Structure formats: structure tokens, C-alpha cells
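Trainee: Chains as they are written, first to last, in my numbering: chain A, 1 to 465; chain B, 1 to 531.
Worth flagging that the hints you see were computed from the coordinates, not collected in a lab.
Any given hint could be a false lead.
As the list claims (entries may be wrong) - Covered stretches of chain A, going by a simulated chain B footprint (3 or more residues, C-beta under 8 angstroms):
hint	stretch
1	171–178
2	181–191
3	241–247
4	450–457
Keep in mind the model is a prediction, meaning the values are calculated, not measured.
Note that CB positions come from ideal geometry on N, CA and C, so glycine has one too.
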Amino acid sequence: MATTIDEVYDNTWDDPRKRSPLVTGGLDYGQVTSTVTAIAEVPAPPRAWYILMAISLCLLGMLGILLLHLIMSGVGVWGNNNPTFWGWPIVNFVFWVGIGHAGTLISAILFLFRQNWRTSINRAAEAMTIFAVVCAGLFPGVHIGRVWVAYWLFPIPTEHLAMWPNFRSPLLWDVFAVGTYATVSTLFWYMGMLPDLATFRDRAKTKWKRMIYGILCLGWTGSARAWHRYEMAYTILAALATPLVLSVHTIVSFDFAVSQVPGWHTTIFPPYFVAGAIFSGFAMVITLLVPVRSMFNLQHLITIRHLENMCKIIIATGLMVGFAYTIEFFIAWYSGVKTETQTFVMRAFGPYYWAYWTMFTCNVFIPQLFWFKAIRRSPVAMVIISIFVNIGMWFERFVITVTSLCRDYLPSSWWYFRPTYVDIGMFIGSFGLFMTLFLLFCRFLPVVAMAEVKSILPHDEEDHH
Amino acid sequence: MTPSHNHNSNAQTPTGPTSRLVGILAEFSSPDKLVHACEQARHAGIRRMDAYSPFPVHGIDPAIGIRRTRLPFLVLAVGLSGLFLAVGLQYTVNATDSIGPFPGYPFLISGKPLFSLPANIPVTFEVIVLSSAFAALFGSLALNGLPRFANPLHRIPRFKKATNNGFFLMVEAEDPNYNPRQIRNQLEQWGADALEEVHLDLTDHKLPAFVKMLFILMLALCTLPPALIYRARGDSHSLPRLHFNPDMDWQYKSQAQQVAPNIGASEDKPEWLFADQRAMRGEVAGTVIRGRLKDDAAYFTGVASGAEGHAELAEIQQYVSTSVNQDAATAPPEPNWLATFPARFAVTPETIARGKQRFDIYCAVCHGTTGSGDGMVNQRAMALNALQRANWTSAKSLHDHTVVDQPVGRLFDTITNGRGTMGPYKSQISVEDRWAIVLYIKALQDAMTDAVAQDDDGNWVPVRTTAPAPTAPAPTDTEPSAPESPAAAGGDASTPTGATVDQAVPAVANQSSAAGGEAADTASENSGRTN
Numbered sequence: 001m002a003t004t005i006d007e008v009y010d011n012t013w014d015d016p017r018k019r020s021p022l023v024t025g026g027l028d029y030g031q032v033t034s035t036v037t038a039i040a041e042v043p044a045p046p047r048a049w050y051i052l053m054a055i056s057l058c059l060l061g062m063l064g065i066l067l068l069h070l071i072m073s074g075v076g077v078w079g080n081n082n083p084t085f086w087g088w089p090i091v092n093f094v095f096w097v098g099i100g101h102a103g104t105l106i107s108a109i110l111f112l113f114r115q116n117w118r119t120s121i122n123r124a125a126e127a128m129t130i131f132a133v134v135c136a137g138l139f140p141g142v143h144i145g146r147v148w149v150a151y152w153l154f155p156i157p158t159e160h161l162a163m164w165p166n167f168r169s170p171l172l173w174d175v176f177a178v179g180t181y182a183t184v185s186t187l188f189w190y191m192g193m194l195p196d197l198a199t200f201r202d203r204a205k206t207k208w209k210r211m212i213y214g215i216l217c218l219g220w221t222g223s224a225r226a227w228h229r230y231e232m233a234y235t236i237l238a239a240l241a242t243p244l245v246l247s248v249h250t251i252v253s254f255d256f257a258v259s260q261v262p263g264w265h266t267t268i269f270p271p272y273f274v275a276g277a278i279f280s281g282f283a284m285v286i287t288l289l290v291p292v293r294s295m296f297n298l299q300h301l302i303t304i305r306h307l308e309n310m311c312k313i314i315i316a317t318g319l320m321v322g323f324a325y326t327i328e329f330f331i332a333w334y335s336g337v338k339t340e341t342q343t344f345v346m347r348a349f350g351p352y353y354w355a356y357w358t359m360f361t362c363n364v365f366i367p368q369l370f371w372f373k374a375i376r377r378s379p380v381a382m383v384i385i386s387i388f389v390n391i392g393m394w395f396e397r398f399v400i401t402v403t404s405l406c407r408d409y410l411p412s413s414w415w416y417f418r419p420t421y422v423d424i425g426m427f428i429g430s431f432g433l434f435m436t437l438f439l440l441f442c443r444f445l446p447v448v449a450m451a452e453v454k455s456i457l458p459h460d461e462e463d464h465h
Numbered sequence: 001m002t003p004s005h006n007h008n009s010n011a012q013t014p015t016g017p018t019s020r021l022v023g024i025l026a027e028f029s030s031p032d033k034l035v036h037a038c039e040q041a042r043h044a045g046i047r048r049m050d051a052y053s054p055f056p057v058h059g060i061d062p063a064i065g066i067r068r069t070r071l072p073f074l075v076l077a078v079g080l081s082g083l084f085l086a087v088g089l090q091y092t093v094n095a096t097d098s099i100g101p102f103p104g105y106p107f108l109i110s111g112k113p114l115f116s117l118p119a120n121i122p123v124t125f126e127v128i129v130l131s132s133a134f135a136a137l138f139g140s141l142a143l144n145g146l147p148r149f150a151n152p153l154h155r156i157p158r159f160k161k162a163t164n165n166g167f168f169l170m171v172e173a174e175d176p177n178y179n180p181r182q183i184r185n186q187l188e189q190w191g192a193d194a195l196e197e198v199h200l201d202l203t204d205h206k207l208p209a210f211v212k213m214l215f216i217l218m219l220a221l222c223t224l225p226p227a228l229i230y231r232a233r234g235d236s237h238s239l240p241r242l243h244f245n246p247d248m249d250w251q252y253k254s255q256a257q258q259v260a261p262n263i264g265a266s267e268d269k270p271e272w273l274f275a276d277q278r279a280m281r282g283e284v285a286g287t288v289i290r291g292r293l294k295d296d297a298a299y300f301t302g303v304a305s306g307a308e309g310h311a312e313l314a315e316i317q318q319y320v321s322t323s324v325n326q327d328a329a330t331a332p333p334e335p336n337w338l339a340t341f342p343a344r345f346a347v348t349p350e351t352i353a354r355g356k357q358r359f360d361i362y363c364a365v366c367h368g369t370t371g372s373g374d375g376m377v378n379q380r381a382m383a384l385n386a387l388q389r390a391n392w393t394s395a396k397s398l399h400d401h402t403v404v405d406q407p408v409g410r411l412f413d414t415i416t417n418g419r420g421t422m423g424p425y426k427s428q429i430s431v432e433d434r435w436a437i438v439l440y441i442k443a444l445q446d447a448m449t450d451a452v453a454q455d456d457d458g459n460w461v462p463v464r465t466t467a468p469a470p471t472a473p474a475p476t477d478t479e480p481s482a483p484e485s486p487a488a489a490g491g492d493a494s495t496p497t498g499a500t501v502d503q504a505v506p507a508v509a510n511q512s513s514a515a516g517g518e519a520a521d522t523a524s525e526n527s528g529r530t531n
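Build out the structure end to end from the sequences listed, making use of the hints.
Mentor: Here it is as C-alpha cells:
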């Protein structure tokens, strides 16, 4: 096997006579293993890791202090007030849940469609999903006000309370959807990691590492019988996660669509939310993986082709989102409902016009740059565009949530929502939580699904594929 | 870790019972060679073998002869259970009143049905997915026999390549066709790069010391909570309980029975929020407590009022003070007592029976089951009176003419508000039941019309005393007179049976017939107890 590293090999070019390799540099099985395990095995991670970790921990600390302040003082420290009871906390919740969707899409839907290029990026994307859902769960968790009775969200029998949740409420559906999503994503992620954790165990140099990874991998040996059941279980989990991921953002959109607030009560919400979620999620995957691949020397595993494919998905979902923005206006006019029309006109030209046009520019106009192949192949350009997409997607949720609530049916209660420093600090702090978890994941767990990547490497003698 | 043996790659089998041969492990350089070797081994009749590879090798299942797993059926079964669990949970929680020992909570929203499948689909779907995912992961782990931390393969350094870039085939020693010498040759022939025997170390069964320590520590910690509970049983503390979470338990607000807050500048010169110094506010005039609207004066008070609405209520209020006023001199005039039963009260055999039942509970203890004033309490108290140990006013006989002549409204008021030493029963007996008791008293009185009993001297005297003819008031009677029933008059007075009560109904409904002209007799011994 060739072991020369060919940096300039362009695997984004589709030659119809042969498949473009998904792993460049001619890596063999052992080299794939050593490339990935090196991240956890080096005595000290790169300097950039420490710098990012320091920043993340500062932000995490700020989040913790603000959370404490919020819990001690009450939700009045936020800018939420009548009638905008859903301010930034719910905007952030929808934003983070949406981010998570790309991970499941890559790991489950692309698996079912036999998209082999997913193998290099699915592990990191799934980790991103779980950490994003952690951040997402935080906001509604504290938005309920009395966090110490958060267990009331769940159908737990209590004799003293004599109450049960209302199973016909979208907010309860949300608890089940996000809870199931977090659990199933974690199971899926953990299951995919079992063989790679066994690799870590077998390469561990110290007794403690061997023991911890040994317990985590449950004694995996890679037996053919185990692989057989493992693959079956993995396929079943993928088949379960596929409708699940579509249901989660659908149900999140029900939080809005099932109510009768103008601008919310539309049937376009479920598909529009799901498309937006995948759009923002892929943008986040690119934002994370471009630095990760250069920081940990994963360029041969996470190739330009992988990144280009994600750019293509971003442009597709970005067009869906742009279509939804446009059709919303058409439906508002076509419905003939005065409040509905007024709400949409006010969105684009009212007091929040700046938010609306930020959203529209970032989500619809800027991703059009991906039509150029040069931009699709430039990691720096795609990270910049992806950051714009995520800014735009945050503003989308802001526009949906805040502009509709600020201008509801009662003009006397119309007002202009302003966030407080707690709102802003908690949103920035949630990035600290997310990045801390992600950096720890990069350092201590297999960032690339080694077993899956090895299974798509070309064989020595005869290529069955 | 016992590095004493089984790291040998040659055929040096450890002797003695310290280890047991598990099988022979062959390493191959590529997945294709592994599949090829598996096919050959299966062809050679070997069944007990397993391949180990860092990733699932294409085509290995038929080569080894792995049958399709039953996992999908397991997941299906669990998923279906999740379906029934979720639908059942939502139905019992939101559409029933109780779930075993716990109360249910039916939500009635906009008059929609309590249970509607479309609204229950999201939660049902999520529960199905969640339970199926658990079944898929934990089912596959269980079928694979994981977690399994003690595996002789992990003792073989070479085997660490199985999770990296090595491809292994292990033929188990338990296979019927296992021949140590032959199998080595065969495996080498099929392309194995290295061969190694796998031994199960039979001596190393000890748990690591720290695991033991941890286990003992956990056990010791487990005894702590019961020990603390045992120590604290029947304990008392001078300090209040710890209140970790205030959770709005203390608030700046006034509660019932509290003094109104002082809004003045100082404690010395208090300025109360409310002039009467009470935090609790009384009800606004004209307020009617929910469920206590008494819009039928005749029914609720026994007074026939000419007025209606507020005026009627005000008039009634005055009569209430009248009836409880014991001083005859200052008492206002008697109200216009209802002479017949109010329209809302049905005079039927059932209500008489109800009246008897209530009478026997509340009235008979003093007035006796026949209403003669000889209840158990009265007898005992009179006996104590005779011994100078009590000062008891004898319970009145209901057959006294002063009682017999009373209109029904007056009797109702007596039960409601009490008279003399008799206490009010309005809080014990409902309005309906009070009227039923009045009806039963009338039935008793009617039954006693001509009854006689022996007095203390052994003379037969009428049970009922009658008022002197000139003073007997003739209550107004608007209803037509019903013929008096002789059977009612001649019935067994001490125990009025259903039959006699039934026949007495027409008579009591027209109670004025009892006030007629029986011969005036001496006032009974009970006549001292007047209102």
C-alpha cells in the first residue's frame, strides 16, 4: 500500500470511469487507526486546543453564573415580558435543536441512502448533535421558571400533586420529542463508538486508560457474530432515527403552528423548520470540522470532497428555506386574513426590519456563493459562509418568535422587545458549554468512525464495490 | 494480570489444570484472505469458529454460517409494547379519573373529547421510537453477550490488532472436528500468517483488590441510610425542619384570621390598612355564597312571607332573630308560620320513611321513638335530676297540645334554630331532611290521636293532651280536608310501621284536622317547657 501523502490530490473531480476515493493519501487500515488515535494519544493537544478550551471555559463559567442569577432571582432578569413571553430562551432553544439535526441526518439518513462519504464526518456530527441538544434543553428547562419542579414536565405519578401533563399540548410533545431525540442520538452515537473505543482500549498505554476505555467498550472483540448483530442494530437505529429527526423539528414547529398567533398558525412550518434545521446544522458541521481537520491533521479522512458535499446540501436546504420565506408572504396575502398580512408586512418593513433582512441576506443570498466551485472548495470561504448561515438561522427564529408575539391581536399591548444582558450572556455562554463538550470529545474520544472508514477503503486484491 | 504463560506463539501447551485450551487463533493479512479461510474451514466441516475483524467484513456471514439475527423481531415486539404503553398511558392519564392509587387528570379543553387519537400521535410515536431504540441497542448487546470483560482473547497481545488492522479466525477446541495438529496445517494452508493457541486461565479467578474494596465500601454505604433512619425514629428536635427550597412558601401577603398590616410610620402609632384591624374582608352586602342561594323563604325558613327577593330575605332575617329570642317580653311578634308543607317538599311515603330514619338518629335520643319525650338521654337525665345530680329540663312530649297545635313552619324552625334548651340542628340536618322529620312528627301525632297510656298511678289517660278549647288557635288551612284514617289513629303508637305511616299520609298533609275539639284535659307534666 502506498503511504505517500498526496496533499494536492483533488478528489472532488468525478471521473466516470472510477470512484473518487473518500480517503486520500493512500491510507491503509493501520494508518487510519493511527491518524485518529493520535489525537487522543499525543501527550498534549495542539496549542489551539488549549486556547479554545480556555475561552470555552470562561464562557461556560459566565453561563453558570448567569444561570445561578436567573434561578435565584427569577425569569424577570430576562427581557421577556407580556406579551413576548417567548423571547431569547425559546429562540436559542429552537436554534440549538436545529443545529443538532445535521448530525442525525448524516449518521442516519445518509446511512440508509448508502452515502459512504458520511463515514468520515458522522461521529463528529453526532457528537455535535448531542451537545447541541444539551444546549437546547437548557433553555426551556430554565424558562419554566421554577427549575426545581422541572420534573413536572414528565408524567410521573404523584399523590400530593394529583396532576398529570396534558398529552394534547404541543409543549408536552416537545418534551417527549426532544427527550427521545437526545436519548436516541446518544444511544446511536455510543453504539457507533463501541468498536472505536475498543481500538482505544487496545492501544492504551496506561492501566487507567485501558480500564476506562475497556469498560466503555463493554469488552468488544470485533467478532463476526457480534458485527452481524451490530450492523442489524445499527440499521434499525438509523431507520428509527430518520423519522425521529424529522419529527423533532416538526413538533418544535407545532409549538408555534398549533397556536393561533398571526405568523405562526401555518401548515408550512413543519417542512420549513426541518429544512432550516438541516441547513443550520450542516453550516455548524462545516464550522466545526474545518478547524478540527487542520488542528488534528485529519485532511486525508475529512477531505475537500466531504466538505464540498456539505456545501451542496447547504445550498439545497438554503433554497428550500428561501422558498419558504417567499411562500409565507404569498400565503399571508392569499389567505385574505388582515392580521396575517399585517404581521408579514410588519416583519419585513416594521420595527424589526433589520432582523428580517439580516435573516434573509444570510440565509438566502450569501449561500448562493456556493454555486462557485472555487468557493465550495475553499475551507476558509465555506467557514465564513457557514457562520453567516448560522447567524441568519438564529435571526430566523428571532423573527418568527419575537415579531409575531410583539404584534399580536391586541394593539394596546404591542411593544418593542429588548433583551437584557442576561439574555445575551446566556446565549453566548451556551456556546461555551457546546465548545467545552466538543473539545473534550475531540481530545478523549474517537473523532472519526475508524471502523466505518476502514470498511469503505478499497480492498487489496479484489474490489467488491 | 498473570504474564506467566499463554503468550507463547509456539505449540507449547501449558500442562496441568491451571488452564484450558479454548481454541486456536489464526491471523490473516486481509479481509479477503479471512473470508477465504472461513469458507475453507466451513468446507472442512468446522462449525465452532468465529472471525474477528476491525470492521464488518463483506461476505463473512455466509462464509462462517451465521444465521440472520432475531433482533428485528425483538425490536418489533418492544416497539409494539411502546405503542400500547403510550396510548394506554395517555388514555388513563387524560381521560380517566384514577390510575390505580393515583388520581387521573381529565383535561377538558374547548369541549373537545378527552381522548382523541390524532392529538396523541406525537407522544405515541416518540415512545415507540424510544423503546425500539433501547431494544435495538441493548438487545444487540445482550445477544452478543456484552458486556463481557473477562475474555481469554484479551490476554493475547497479538489480538489487539483485531481492532486495528488484523483479521483473525479462531477455531474452537470444542468443535467435534478439532484436531490440534491437523488444524494448524490447514490454517497455514489457508493463508494464516500466524497461529496462536488461546488458553483460559483457570487459576486467575480472583477479583482485583480494588474491586473488592469498592464492593465492600458500597455495601457499607448501603447500610447507612437504614441506620440513620433507625437512629432518627421517634426523634424530636427543638429546631424547625430544614427548608432547603423556599419556593414561594413565604410571601408578603395577609391571610385569613390575621391582623391587618400596619401601614403607619411606627409601631407606636399604628395605622391599620383596614379600620377594623382585620386582614380578612367580610362579604359584600347582598353576596350569595356559591351553592347557598336560598331563594325560597317558605322552604328554607318555614315562614310564609308576602315579600319577594331582597325584601323577603330581609324579612326572614328578622324572623330568625325572633325565633331564637328567648325573652317573651321583648320578642317581636310571631311570624306567619307556614301551615302546610312547602311546594318544594314532596309529601310521600318515602319522605316519611326518611323522616323516621333521621328522627330516630337525631331526635329520638331525647324525645323518644314515639315522640313522647321519653328518650334514653331524657330518662337518664331525669334519674339524675331525682338524685339532685343534674338540672335537666325534661324533653317535651311531641304529643303535647302546645306542640300538636304548632304549624309545620314553626316545627321546622324549632329544628333549625332550636328552642329553649334544645340546640339548633341546622348544621347537622339538611333542609330536606328537616322537613321530612316534621312530616314524621305529624304522622306520629296523628297516630296518637286516640291513643291512651297508663300514667304513674295506673290510670288510663289519653297520650295526647289537648289545649283548652278557647285558647286553641285554628291554623289556617288552605287545602281541602282529607278524610281521617281510622287505621292511623288506632295504630301501634310505640312502633309506627310502614303500613300505618302510609295510611297516615293524607291525614298529616292536612294537619289542621288534629287541632279539633277533643276534650280539654289537664296540662301535661311537660307543659312547663314552653318557648
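Trainee: When the hints from earlier in the document are held up against this structure, which numbers fail?
Mentor: none
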